[in-house]
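Novice: Below, each chain spelled out in residue letters.
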Amino acid sequence: MSTPRATEVRVYNRPMSTWWWTRRRTYFVFVMRELSSIFVAWFVGFLLAFVYSVGRSEAAYQDFLDWAATPWVVVINVIAAAFLALHVVTWFSLTPQAMDVRIGGQKAPAAAIIASQYVGLAVVSAFVLWLVTR
Amino acid sequence: MSDGLIRAAHDVLIVGGGGAGLRAAIAIAETNPQLDVAVISKVYPMRSHTVSAEGGAAGVIADDDSIDEHIYDTISGSDWLGDQDAIEAFVNEAPRELLQLEHWGCPWSRQPNGHVAVRAFGGMKKKRTWFAADKTGFHMLHSLFQTTLKYREVTRHDEWFVTKLLVDDGRVHGVVAVDLFSGKIQAITAKSVVLCTGGCGKVFPFTTNANINTGDGMSLAYRAGAPLKDMEFVQYHPTGLPFTGILITEATRAEGGWLLNKDGYRYLQDYDLGKPTPTPELRSMELGPRDRLSQAFVHEVEKGRTADSPWGPIVHLDLRHLGADLIDTKLPFVRELCLKYERIDPVHELIPVRPVVHYMMGGVHTDIDGATPLAGLYAAGETACVSINGANRLGSNSLPECLVFGARAGRAAAEFATTAGPVPAAIEAQAADEVRRLERDLLGKDSEGESTSAIRDEMQATMEDAAGIYRTGPAIAKGLDTLRELQERIGKVGIADTSRSFNTELLAALELANMLDIGECMLQSALQREESRGAHQRTDFPDRDDQRFLTHQLVHRNDDGTPRVESLPVTITRWPPGERVYGR
Amino acid sequence: MPSNPGSNPGSNSGSIRLQVTRYRPESDSEPRFQEYDVPLRKEWTVLDGLNHVKNEVDTTLSFRWSCRMGICGSCGMNVNGDPKLTCAAFLDDYAPGPIRVEPLANFPVVRDLVVDINDFMEKLPRVKPWIIRDDDALLDGDGEIDGEYLQTPEELDAYKQFSMCINCMLCYAACPVYGLDPEFMGPAAIALAERYDLDSRDHGARERLDVLIEHEGVWGCTFVGECTRVCPNHVDPAGAIQRYKVKAAKENVMAFLLPRGAR
Chain Z
1 MSTPRATEVR VYNRPMSTWW WTRRRTYFVF VMRELSSIFV AWFVGFLLAF
51 VYSVGRSEAA YQDFLDWAAT PWVVVINVIA AAFLALHVVT WFSLTPQAMD
101 VRIGGQKAPA AAIIASQYVG LAVVSAFVLW LVTR
Chain Y
1 MSDGLIRAAH DVLIVGGGGA GLRAAIAIAE TNPQLDVAVI SKVYPMRSHT
51 VSAEGGAAGV IADDDSIDEH IYDTISGSDW LGDQDAIEAF VNEAPRELLQ
101 LEHWGCPWSR QPNGHVAVRA FGGMKKKRTW FAADKTGFHM LHSLFQTTLK
151 YREVTRHDEW FVTKLLVDDG RVHGVVAVDL FSGKIQAITA KSVVLCTGGC
201 GKVFPFTTNA NINTGDGMSL AYRAGAPLKD MEFVQYHPTG LPFTGILITE
251 ATRAEGGWLL NKDGYRYLQD YDLGKPTPTP ELRSMELGPR DRLSQAFVHE
301 VEKGRTADSP WGPIVHLDLR HLGADLIDTK LPFVRELCLK YERIDPVHEL
351 IPVRPVVHYM MGGVHTDIDG ATPLAGLYAA GETACVSING ANRLGSNSLP
401 ECLVFGARAG RAAAEFATTA GPVPAAIEAQ AADEVRRLER DLLGKDSEGE
451 STSAIRDEMQ ATMEDAAGIY RTGPAIAKGL DTLRELQERI GKVGIADTSR
501 SFNTELLAAL ELANMLDIGE CMLQSALQRE ESRGAHQRTD FPDRDDQRFL
551 THQLVHRNDD GTPRVESLPV TITRWPPGER VYGR
Chain S
1 MPSNPGSNPG SNSGSIRLQV TRYRPESDSE PRFQEYDVPL RKEWTVLDGL
51 NHVKNEVDTT LSFRWSCRMG ICGSCGMNVN GDPKLTCAAF LDDYAPGPIR
101 VEPLANFPVV RDLVVDINDF MEKLPRVKPW IIRDDDALLD GDGEIDGEYL
151 QTPEELDAYK QFSMCINCML CYAACPVYGL DPEFMGPAAI ALAERYDLDS
201 RDHGARERLD VLIEHEGVWG CTFVGECTRV CPNHVDPAGA IQRYKVKAAK
251 ENVMAFLLPR GAR
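Protein chains in written order, with the numbering used here: chain Z, 1 to 134; chain Y, 1 to 584; chain S, 1 to 263.
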C-alpha cells in the first residue's frame with residue numbers, strides 16, 4: 001500500500017497521436033501485420049467461393065475463373081499475397097517468444113523453432129501441390 | 001492536530017526501503033500484524049542501493065563449515081574491533097535469514113542436487129557465501145520488496161525525504177519530511193523510528209556507492225542526539241572500474257581471478273598475503289581481506305609498479321583463464337559492466353581496476369537489537385554500527401547483516417511501540433518550526449548564494465586527501481579545518497529552483513548538509529585514533545595499539561555543532577586479540 | 001567520479017547538444033524543450049551529460065538517477081524517441097547530435113524528466129509477485145529452519161530470465177497498448193507474474209491467472225513486441241505475455257469442456 005499523491009500535483013498527460021504507428025519502423029510493421037489479417041480473411045473467402053463453384057457445376061467454375069481473372073481481383077490478390085507473406089514471416093518469427101520449447105531441459109534456439117515452421121509450411125505446400133497435380 | 005501539518009501517524013516508521021528497511025517491515029508485520037508500520041524512503045524501495053550488491057551473502061550452511069569459524073573470520077577481519085557478542089548473534093542467525101529469503105523466492109544459485117550453492121570470499125576460511133550469480137543484492141532486494149507487497153498493512157511513503165527526527169523528552173516521536181512529488185513538507189509521527197538509510201560513500205569523490213548514499217540516517221541520528229560509532233573506518237574495495245567507480249565484485253577473485261601489476265606480476269605475494277597458487281586458496285592472496293588488498297595497491301603505486309590511466313594509477317584484474325563458460329554462468333554482470341563501461345571483454349582482456357570507497361563500517365551506535373541510546377530510535381544495516389564489522393568488514397557479511405539486524409531492529413521497535421504512550425502535543429510545534437526552517441532558509445533563499453556542487457566537490461576532495469587509505473594527523477586536522485569552512489558556506493547556499501515539485505536542487509543541498517556532518521565525524525574520529533587498525537591506517541602511528549585503542553569511538557554532537565569523541569570498550573567474549581594472519 | 005564529471009580528464013572531442021524537456025507543474029501549461037551544450041567525451045553517458053548540466057549550467061533541471069550502473073532502474077528516459085537507461089546510453093553513440101532527452105513516454109510528466117510511475121506501483125501487487133504456498137513454514141520468530149526448498153539449476157533456469165526485471169519502466173514507455181489504454185496491466189507486471197508461476201517453489205499460478213485472464217490482463221496485449229526489444233535486461237515480457245495467453249486459452253477450453261470439479 002502506498003500513499004496516494006497524483007492529485008497533489010498538476011501532472012501533464014501527453015496525448016498520443018493518431019499517427020503514433022508511423023513514428024517507429026517497428027510500430028509500422030506491427031500495424032501492417034495486424035492489417036494483414038484482413039487479407040487473410042479475404043483469401044479464406046476467395047477459397048470458399050472457389051470450392052463452392054467447383055462443387056456446383058462446370059459452368060460455375062468457369063464463371064469463377066473469369067471473375068478471378070478480372071484486373072481488380074488480380075490486383076487485390078497480388079496485394080493480398082504480399083500481406084500474406086508478411087503475415088507468415090512476422091508470425092513465424094514471433095513463435096519462439098510465445099512457445100517455450102525445451103529439448104532435454106535446454107531451451108530450443110529460436111532459429112530452430114522458426115526453421116521448423118518453414119519446413120512444416122514447405123511439407124504441407126508440397127502435399128497440396130501433389131494432391132492437385134497428380 | 002492541525003490539518004496539513006501531520007501527514008500520517010504510525011506505530012513504527014522505517015526510514016529507508018533497502019534490504020534492512022524492508023526486512024524490518026516484514027518482521028514487524030509478521031510478529032505483530034496489529035501494528036501500523038510504514039516505510040518512508042527518498043526513492044522507491046527497489047531503487048535502494050542494496051540493489052547494487054553483487055558477490056553474495058555469508059551464512060554457514062556447508063557440511064565442512066562451522067559457526068565458530070565464521071565468527072573467527074569476522075573477528076579477525078574486523079581487526080578485533082567487532083563486538084563478539086554481536087558477531088556471535090549475527091553468525092548464528094545469518095543462515096536462518098538466508099533460508100527465509102529462499103522461502104521468499106530469492107533465486108539463489110544452486111548445486112546440481114538442488115541445494116543452495118556457496119562460493120569462496122575474501123577473508124573467509126570456508127566457502128559460505130550464498131549468491132545469485134553476481135546480482136545477489138538485486139535479487140535479494142526485489143525478493144524482499146515483492147514479499148512486502150503481500151503485507152497490505154505495510155504503508156509506503158515513496159519518494160519522501162526525511163529532514164529531521166522529532167524528539168521530545170528524550171524520545172523519538174516521528175519525522176519531518178519533504179514529499180518530493182508535491183514538495184509538501186509535513187510531519188509523520190510514530191511511536192518508534194528505525195533508520196535504514198544505508199551508507200555514505202558520496203562523502204568521497206570516487207566511490208562504488210550510488211547517488212543516494214549520502215548518509216542521511218546517520219546525520220538525522222547525530223543531530224537528534226544519538227552518537228555515531230567508529231566513523232573513522234571507511235572501506236576501500238580493491239577493485240573498482242576507473243572513472244565510474246563501478247564495483248567489480250570480489251567474486252571475480254573467489255572464482256579464481258588474479259590481481260596483476262603492470263609487469264603481469266601477482267603483487268599481493270609481496271605483502272604477507274601468502275604465495276600464489278593457480279587455483280584460489282581461502283584466506284590467501286586475492287582472497288585476503290579488502291583493507292590489506294587496498295593497502296597493497298598503494299605500496300605498488302609507491303614502487304612505480306602500477307599502470308597509468310587517465311584517472312590515475314591502476315592494476316589489472318585477470319579473468320581470462322576462467323573461460324567464457326564460467327564467466328557467463330557465475331559472473332555475467334561483471335562481463336556486462338566491462339563491455340558497457342570499459343568497452344573491454346574480460347574473457348579476452350585485462351580489467352583495469354583501482355581501490356574505491358565502498359562501505360562505511362561505522363554508523364549509528366546501536367546495541368545488539370538495533371536500539372540507539374535515544375529512546376524509540378533504532379537503526380540497522382550500513383547506517384548502523386552494532387558493531388560486527390569493527391575496523392574492516394569482510395565481503396558478503398553486509399547483506400546478511402541487513403537481514404539479521406533489520407529483523408532484530410524491527411522486532412525491537414515493534415515491542416517499543418506497543419508500550420509507548422501517545423505522541424505529545426509539543427511535537428507539533430517542533431514540526432512547524434522545521435517546516436518554517438526549510439521554507440525560509442532554503443526555499444525562500446537568494447539564488448545567488450553558494451553553489452551546492454562546488455561545496456560538494458571541495459568536501460569530496462578534502463575527504464579523499466584526509467581520509468584515504470593511508471592517513472596522517474596533520475592532513476586530517478587540515479581536512480577538519482576545511483570542512484568547518486564548508487559548514488559555514490553551506491549556510492549561505494543558494495537554491496535557484498523555485499518549483500516545489502521534484503526540487504532536486506533542494507534535495508542535493510539537504511544531502512550535502514548531511515554529508516558535511518558525517519565528514520566531520522569521520523575526520524574527528526580519525527584524528528583521535530592514534531593507531532593503525534584495519535581500514536584506518538595512520539602513517540604517523542603505523543602499529544595497532546590495543547593498550548590505548550581496543551575501543552570503539554562514539555561521536556556526539558556538541559551544542560555548537562562540533563563533534564566530541566568518547567570511547568567505549570569493545571566486547572570480547574571468547575576470542576582474545578591476536579595477530580591477523582592471511583596466507584600462512 | 002560521475003558526481004562531477006566536468007573535472008575529469010579523458011578524451012574530449014568538442015561538445016554535443018542536448019534538447020531536454022522542461023516542465024514545471026506550478027507555472028507551465030505544457031512541456032517545452034531547452035537546449036544545453038555538454039562536452040562530448042568518450043566515457044560520458046547521457047546521464048553524465050545531464051549531471052554536467054545540473055552541476056555546472058542549470059541547477060534547476062530535475063531528473064531521477066542513482067546507481068549509474070544499470071541496475072537500480074531510476075534513470076529511464078526517452079532518448080531520441082527510444083526508451084533508454086540514460087546511464088547506459090553513451091553520448092558518442094548519438095554524435096554529432098543533437099540528442100533529444102524526454103521523460104519516458106506513456107507516463108504523466110511530474111516535472112522536467114520525472115514521470116509518475118504510481119500506476120505501475122499500484123498494478124504490481126495485483127499480480128501477486130511473491131511465493132504463494134499453503135505449507136510455507138514461517139521461519140520468523142521461533143520457527144525452526146526446515147532447510148531450503150530444493151531447486152535444481154534447470155528449475156532455476158526456467159524462470160531466471162523473468163526474474164531479471166529492474167522495474168525501469170522502459171517497456172511501458174515502449175508499449176503502444178499501454179499508451180492507448182492505461183488500464184492494461186503492462187509488460188513488466190505480467191512478466192513478474194510469469195516469473196513466479198515458473199518458479200518450482202511457487203503454487204500460486206491459479207490465483208495469478210484469475211487476475212491476468214481479465215480484459216486488462218494478458219488479452220490487452222496485441223504482441224507489438226517492442227517491450228522485449230527495449231528491455232535492458234533481456235527479460236522478454238512479450239514472450240511472457242504470449243505464454244500466459246496460451247495458459248489462459250487452455251483454461252478457457254478446459255472450463256468449456258469439463259465441469260468445474262474435474263479441472
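Honestly, I wouldn't trust all of these hints.
[Said to hold, decoys possible] Here are the simulated lysine-lysine pairs, BS3-like style, with alpha carbons at most 30 Å apart: (1) Y:150 / S:123; (2) S:160 / S:250; (3) Y:150 / S:245; (4) Y:340 / Z:107; (5) S:245 / Z:107; (6) Y:184 / Y:150; (7) Y:150 / S:128; (8) Y:340 / Y:330; (9) Y:330 / S:250; (10) Y:478 / Y:492; (11) Y:262 / Y:340; (12) Y:184 / S:123; (13) S:160 / S:42; (14) Z:107 / S:42.
It should be emphasised that the hints constitute simulated quantities derived from the structure, not laboratory data.
Novice: Hint by hint, say whether it matches the structure.
Specialist: Each hint, compared with the structure:
1. Simply put, residue 150 of chain Y and residue 123 of chain S have alpha-carbon atoms about 13 Å apart, close enough for the 30 Å limit, and the pair holds.
2. Between residue 160 of chain S and residue 250 of chain S the alpha-carbon distance is near 24 Å, which keeps this suggested pair within the 30 Å criterion.
3. With a C-alpha separation of about 25 Å, the suggested pairing of residue 150 of chain Y with residue 245 of chain S holds against the 30 Å cut-off.
4. About 27 Å separates the Cα atoms of residue 340 of chain Y and residue 107 of chain Z, which keeps this hinted pair within 30 Å; it holds.
5. The hinted pair formed by residue 245 of chain S and residue 107 of chain Z meets the criterion: a straight-line CA distance of about 20 Å does not exceed 30 Å.
6. For the hint pairing residue 184 of chain Y with residue 150 of chain Y, the CA-to-CA distance comes to about 29 Å; that is within 30 Å, so the pair holds.
7. With a CA separation close to 7 Å, the supplied pair residue 150 of chain Y and residue 128 of chain S stays within the 30 Å bound.
8. This hinted pair checks out: residue 340 of chain Y and residue 330 of chain Y have alpha carbons roughly 18 Å apart, not beyond 30 Å.
9. About 37 Å separates the Cα atoms of residue 330 of chain Y and residue 250 of chain S, which puts this hinted pair outside 30 Å; it is violated.
10. Using a Cα cut-off of 30 Å, the hinted pair residue 478 of chain Y and residue 492 of chain Y holds, with the two alpha carbons roughly 22 Å apart.
11. Proximity of residue 262 of chain Y to residue 340 of chain Y is assessed by CA-CA distance (about 24 Å); at most 30 Å being required, the pair is judged to hold.
12. Taking the CA atoms of residue 184 of chain Y and residue 123 of chain S, the gap is about 25 Å. The hint holds against a cut of 30 Å.
13. For the proposed pair residue 160 of chain S and residue 42 of chain S, the alpha carbon gap of about 33 Å is over 30 Å, so the pair is violated.
14. Annotation: proposed proximity of residue 107 of chain Z to residue 42 of chain S is violated, straight-line Cα distance about 38 Å (limit 30 Å).
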